[in-house]
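Novice: Between the sequences and the hints, there should be enough to build the whole structure, so can you do that?
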Amino acid sequence: MPMRLVVLDSLWHTYGYPMKVASTQDRQFSVRLIGFRDFFKNSGQVSFFNKTWGSWKVAAAASSAAMVFAVAILLLSLLAVSNPLKVYPQTITPTPTPEQTVKVNYYLPYPGVLPDSPLYRIKAVRDRVVLWLTRGEERKAEKELLYADKRINAAIALTEGGKVAEGVSTATKAEKYLQSAVNRTVKASSQGKDVKSLLLKLNDACAKHAEVLTELAEKTDGTQRTVLEGTLSETKALGEKSAQALRESK
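330 is the number that our numbering gives to position 124 of the sequence shown; each next residue is one higher, with no gaps.
Do not rely on the hints blindly, as some may be mistaken.
Derived DSS-like pairs (lysine-lysine); straight-line CA-CA distance at most 25 angstroms [stated by the list, open to error]:
no.: 1; residue 1: Lys393; residue 2: Lys382
no.: 2; residue 1: Lys407; residue 2: Lys346
no.: 3; residue 1: Lys442; residue 2: Lys402
no.: 4; residue 1: Lys407; residue 2: Lys393
no.: 5; residue 1: Lys407; residue 2: Lys447
no.: 6; residue 1: Lys447; residue 2: Lys346
no.: 7; residue 1: Lys447; residue 2: Lys382
no.: 8; residue 1: Lys379; residue 2: Lys329
no.: 9; residue 1: Lys349; residue 2: Lys414
no.: 10; residue 1: Lys393; residue 2: Lys349
Derived by calculation from the structure, the hints in this document are not laboratory data.
Specialist: Structure representation (structure tokens):
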């Protein structure tokens, strides 16, 4: 059957136009073709376009959305190129920390009987007798240093116990023993005796005593504070004296 008749027959079937065919055989063939077409149409064999989009309206909406998205991406890219992101350096401000005081690494011996005890006078007399019986300048200086360390530690205990006046008095007596020990050792060093180890110990002791006197002065006021500050200046001078003698002995 000519293709022309099939097309015409399809138009007739669709729109209802009358059509003449060449023969009854051609007409029957056309009807069979139309039947096949209706069969596939009714059996759900739809085109890929209809299966994907459903209708032209949906396709148009999807295309418009894709176009808008593409244009938005393009505009953002152009904006980023024309106005790049600026990175500003950050200044980190360190958090202030409270000043830490480094303690002098020097051991203060146990003070024993404190000056507020009735037995302390006996102890004081005993110390003087022992010192008088000690032979040798270096050994005497070591004994005086021991007495100084015990008394400065006793001053701490008295002050912490609320007996500030007795603590200040004990601290000044401790520094008198320390002064005698430094002077005795420096004299021995100037005479050519090897007292380097004792000078080192005295240097550390002066630093520790100065530390204790500073702490005690912060806990007092008035005359007692003035006395402690004066004693502190003398102790610092003793530390410089022992350090100078140590440098000269090398």
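Novice: Checking against the hints above, which ones are violated?
Specialist: none
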